[in-house]
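Asks: Chains as they are written, first to last, in the working numbering: chain A, 2 to 406; chain B, 2 to 406; chain C, 18 to 164; chain D, 18 to 164.
Hints in this document: simulated from the structure, not taken from any laboratory.
Some hints here could point you the wrong way.
Restraint-style ranges between C-beta atoms, simulated for each label pair [to be verified]:
| # | chain 1 | residue 1 | chain 2 | residue 2 | range |
| --- | --- | --- | --- | --- | --- |
| 1 | C | E19 | A | N80 | 28 to 34 angstroms |
| 2 | B | E369 | A | K157 | 34 to 40 angstroms |
| 3 | B | E69 | A | E313 | 37 to 43 angstroms |
Restricting the straight-line Cα-Cα distance to at most 30 angstroms, the calculated cross-link-like pairs of lysine-lysine (DSS-like) are [stated by the list, open to error]:
| # | chain 1 | residue 1 | chain 2 | residue 2 |
| --- | --- | --- | --- | --- |
| 4 | C | K119 | B | K63 |
| 5 | A | K21 | A | K402 |
| 6 | C | K115 | B | K77 |
| 7 | D | K70 | D | K105 |
| 8 | A | K184 | A | K328 |
| 9 | B | K402 | A | K63 |
| 10 | B | K139 | A | K260 |
| 11 | A | K238 | A | K183 |
| 12 | B | K339 | D | K162 |
Ideal Cβ placement from N, Cα and C applies to all residues, glycine included.
Each chain is listed here by its residues.
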Amino acid sequence: MEVENIKKEFPIFKQKINGKPLVYLDSANSSQKPKSVIDRISSFYETEFSNVGRSVHSLAVKATNRFENTRDRVQKYLNAKHREEIIFTKGATEAINLVASSFGKKFINSGDEILITELEHHSNYVPWHFIRQEKGAKIKFAEVNLNGEVEIDEIKKNISNKTKIIAITHISNVTGAITPIKKIVDIAQEKNIPVLIDGTQGAPHLTLDMQDLGCDFYAISCHKMYGPNGLGILYAKKKWLDLLPPYQGGGGMINEVYKDSISYADTPTKFEAGTMQTAEVVAFSESINFIEKIGMKNILSHENKILEYGLEQLKKKNSINIIGEPKERGSVLCFTIKGIHPHDIATILDDEGVAVRAGHHCCQILHEKLGLPATTRASIGIYNTKEDIDILCKAIDHCKKVFQI
Amino acid sequence: MEVENIKKEFPIFKQKINGKPLVYLDSANSSQKPKSVIDRISSFYETEFSNVGRSVHSLAVKATNRFENTRDRVQKYLNAKHREEIIFTKGATEAINLVASSFGKKFINSGDEILITELEHHSNYVPWHFIRQEKGAKIKFAEVNLNGEVEIDEIKKNISNKTKIIAITHISNVTGAITPIKKIVDIAQEKNIPVLIDGTQGAPHLTLDMQDLGCDFYAISCHKMYGPNGLGILYAKKKWLDLLPPYQGGGGMINEVYKDSISYADTPTKFEAGTMQTAEVVAFSESINFIEKIGMKNILSHENKILEYGLEQLKKKNSINIIGEPKERGSVLCFTIKGIHPHDIATILDDEGVAVRAGHHCCQILHEKLGLPATTRASIGIYNTKEDIDILCKAIDHCKKVFQI
Amino acid sequence: MELKELYQEIILDHGKNPRNKGVCSNYNFDAQAHNPLCGDKVHIYLNLDKDKKLVDISFEGEGCAISLASASILTEILKGKDLNLTKKISEEILGMIKNKEKITINSLTEDQITTISSLAGVQEFPMRVKCATMVWHTFLSALNKKN
Amino acid sequence: MELKELYQEIILDHGKNPRNKGVCSNYNFDAQAHNPLCGDKVHIYLNLDKDKKLVDISFEGEGCAISLASASILTEILKGKDLNLTKKISEEILGMIKNKEKITINSLTEDQITTISSLAGVQEFPMRVKCATMVWHTFLSALNKKN
Ligand SMILES: Cc1ncc(COP(=O)(O)O)c(C=O)c1O
Ligand SMILES: Cc1ncc(COP(=O)(O)O)c(C=O)c1O
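Build the full structure now, drawing on both the sequences and the hints.
Replies: Shown next as structure tokens:
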């Protein structure tokens, strides 16, 4: 598959937006889906649909195999050690809630510390806040430096002998900073502290190898990986999944059920209560196919090319302030324009067919720190081109014209 | 739309199973999907996809409108008083977990009682078991009578001044018994006890009117209502949603976020953390369209006709034992055949193209009571015909031949 | 969707140079609001005298051009008016923005009508409606607090 | 998929009239298993003498024809054999059922091979494989408990 022609694989680009070709720069929010993924959902419902893991008839057998095959695919894709380490969830948000709740209930007590950072998305803060409230624990925030990164020393400084878990994003969805996970895991392992990575922005843009990264938990949203919405993945080391209590209760996750006691199934089933989003899981195999056909390396080098070009072009405009200057940046580009509010920018860009996101991007702590209530974010996906950046730049000029700046 | 020709709307019926036409009698497990629903998922991804509620660009606006329109549709369909009473979840299982967790945390304390019944699916028992363990509460089981029903007097008998909530199924997925919800709600309201209805089997087969039923919570799985998998609905009275703490934390459900405190959005947003299953929600509008085009009354009378015919035909066979004899039965038909294990029955029926489910149907408590480790279940959907029942009966004869009975 | 309708001269002017910004002295009622989706904030201060006349009004806030302009226009239009009239005007303006209803109040000058009408530009931009309406709701809730 | 392969005469016979059912006297090892998906249960009892010979074996259980037949066949084939041989046989049979591997042990009679082979019928019925394998895993885990 050729990167240059990749837009053709995505039906959405046949759309005109306000009469203009769609320039989609909102992939950090959710990526568009290739036709193969969309078609797999239909074909599954049309020819193979049945509930999974419960009935013994032929349709159920086929559906169950397709479902479990995706687990195998994900295991390989992430280079997880065991297939049982892959749990399907509703999204990264649910994956983190699962860990915060199950780990928190069992291992976090009054006075214990949870170490997160000022970069975190609300999804990697609010679930820990629940545990803080329930258990009387403390949340420490590792601070960002002026480049919008969290430095290793800042992490070290905040670890104490009360630290029970470190939860940190792989790539910031605002500054684009890539976190040095392996180093953090090394430090944490010395002190026997498990590490959760919010991989929501990392998974679509980096080559992943769980055994190499060494983290204990890794949360993924499939809808940002050219996959269906409503599906996420929690990778967790088997030792944790064996230890942790279940998160939701219901059909499928039990072993024996009596009036006075219940025993649970083994992982991964223990964490997959109720009827799952079968079609989405099955179709996610096609997302992995899509990524592997292009090759993550090619995706990365293409995205980086566009990102670099975008940075270069935006920096040329002196009214523009780019948020963060991390040494390593992953595919997001937040900026402000002096004198124009991000929401007004987003509306005017949209009029030119350019889809970006404006707001705090679910990172209020970080925006508070930056002293900005909101920013505008252009984020890159495999389908973006240099031309998209050129159109973005022209649209920004148009903003200034509208606002007579 | 004519009921007689309804199979045509469901692409799955073009499949042959082991060379034979598919006779799908597993709708209580999950229903098949009409083409309009499947196509809506594709068309949404192909022409309208964007994340919901977060960006201000045109695609996002359209997607957000489609999403919120479905909430309006569901409100009307259920005759809920407010649109804010409709929460989208992963399924009925998540809906019940949400209530058990949020209600349990706030309102259930040591020694308090949760009243459920022996009919309950694991999804309406395990979440309460979690709260029992966490809070030191007690679960009481209203018993089933010999017909496989729970009588009003049995409910009355089990209510005490420690009862904090009553959680009960609308239709049993094993005996088919329809619970007299309104009467139970009347009794409960006198004592100020909220009532949760597990409507997983009720919603696909009954006309629903929340204001008339009067229950406080009602849980639905869309995938059993000719809708997409991975989607459920929690209806809850607004007063509860205003009172209850959020369930999962993440993007979208917050109001203001600081390092030491967090305030939450209003309902329904408070309960919809993270990126939702947008395409599934949007497509569920088509499921409602489908149901309304036929008319729930017509669906019911068709299904009842098939159910009656099935009962009549199965009763003719003296080796067959039908489970439960409720006064009012909804679309499931569980049975055993003397001398043949349900799993063997299901496999042999499948060889004839007949899809049924065998096992305990996630109702171990009930099966223990019945003294049966497993049963075979034929369940009816709008697409079933008398001919399906005839094929089922022939296939049952074939079972007996294989087992030389 | 017509961008020109949204960013009319009047809106841009009020957005850039909002009137009555700050905390007015001697305010006796106030209310604030926040849109968590975009971070817009507004805080409104009223001085209502014993004859129920709005002798002074001001606002503080952060937000986009639309929301600032809407707040600025609100203070300009309502200042000096009677309580009941300010309520009526607010409700009509909300009706105009959300449901394209006509303004019927006849005690407004033509200039004022033109100014108010500039807020109707958001009608075709559903995600921006809240930017324009929030401050009017906030004003009404400040009055409700009073009662 | 051939139903006849699954429900062979031997399977039906063992399923209806399972051999060695009950709790054998003087058992010194046992293990049980449960399949939560279908409710099948098996409990296996062994009497292993000091020469590591399986002098007696029996089972109790509930389940489908396949699982009962598999348990019955297990007891019939393994009774009286040496510990090591019973392990080898169990592993080969699991390999046969799951991966279509050949049985290579040559200390079995032709009759016994025929009996064992009847269990291979589940290969084409993936949802039924566990019915046939569970008791063999349970047997192996009983032996493991011993060590
Ligand atoms: C009565 C009943 N309750 C709850 C459930 C759980 O529904 P879901 O698995 O869709 O969450 C089911 C279906 O399996 C059911 O039949
Ligand atoms: C860094 C980060 N973490 C978590 C999330 C939450 O992901 P989701 O909404 O898919 O659960 C997002 C995306 O919104 C994100 O960018």
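Asks: Evaluate each hint against the coordinates.
Replies: Here's how the hints hold up against the structure:
1. C:E19 to A:N80: 28 to 34 angstroms: Roughly 53 angstroms apart at Cβ, these two residues miss the hinted range, so it is violated.
2. B:E369 to A:K157: 34 to 40 angstroms: At roughly 55 angstroms between Cβ atoms, A:K157 and B:E369 fall outside 34 to 40 angstroms, so the hint is violated.
3. B:E69 to A:E313: 37 to 43 angstroms: holds, 40 angstroms
4. C:K119 to B:K63: With Cα atoms ~26 angstroms apart, C:K119 and B:K63 stay inside 30 angstroms; holds.
5. A:K21 to A:K402: Holds - the C-alpha atoms of A:K402 and A:K21 are around 19 angstroms apart, at most 30 angstroms.
6. C:K115 to B:K77: holds, 22 angstroms
7. D:K70 to D:K105: The given pair, whose Cα atoms are some 14 angstroms apart, holds under the 30 angstroms limit.
8. A:K184 to A:K328: Given that 30 angstroms is the threshold and the Cα spacing comes to 16 angstroms, the pair holds.
9. B:K402 to A:K63: holds, 27 angstroms
10. B:K139 to A:K260: holds, 11 angstroms
11. A:K238 to A:K183: holds, 16 angstroms
12. B:K339 to D:K162: With Cα atoms ~37 angstroms apart, B:K339 and D:K162 exceed 30 angstroms; violated.
Violated hints, listed in ascending order, are 1, 2 and 12; each of the other numbered hints is respected by the structure.
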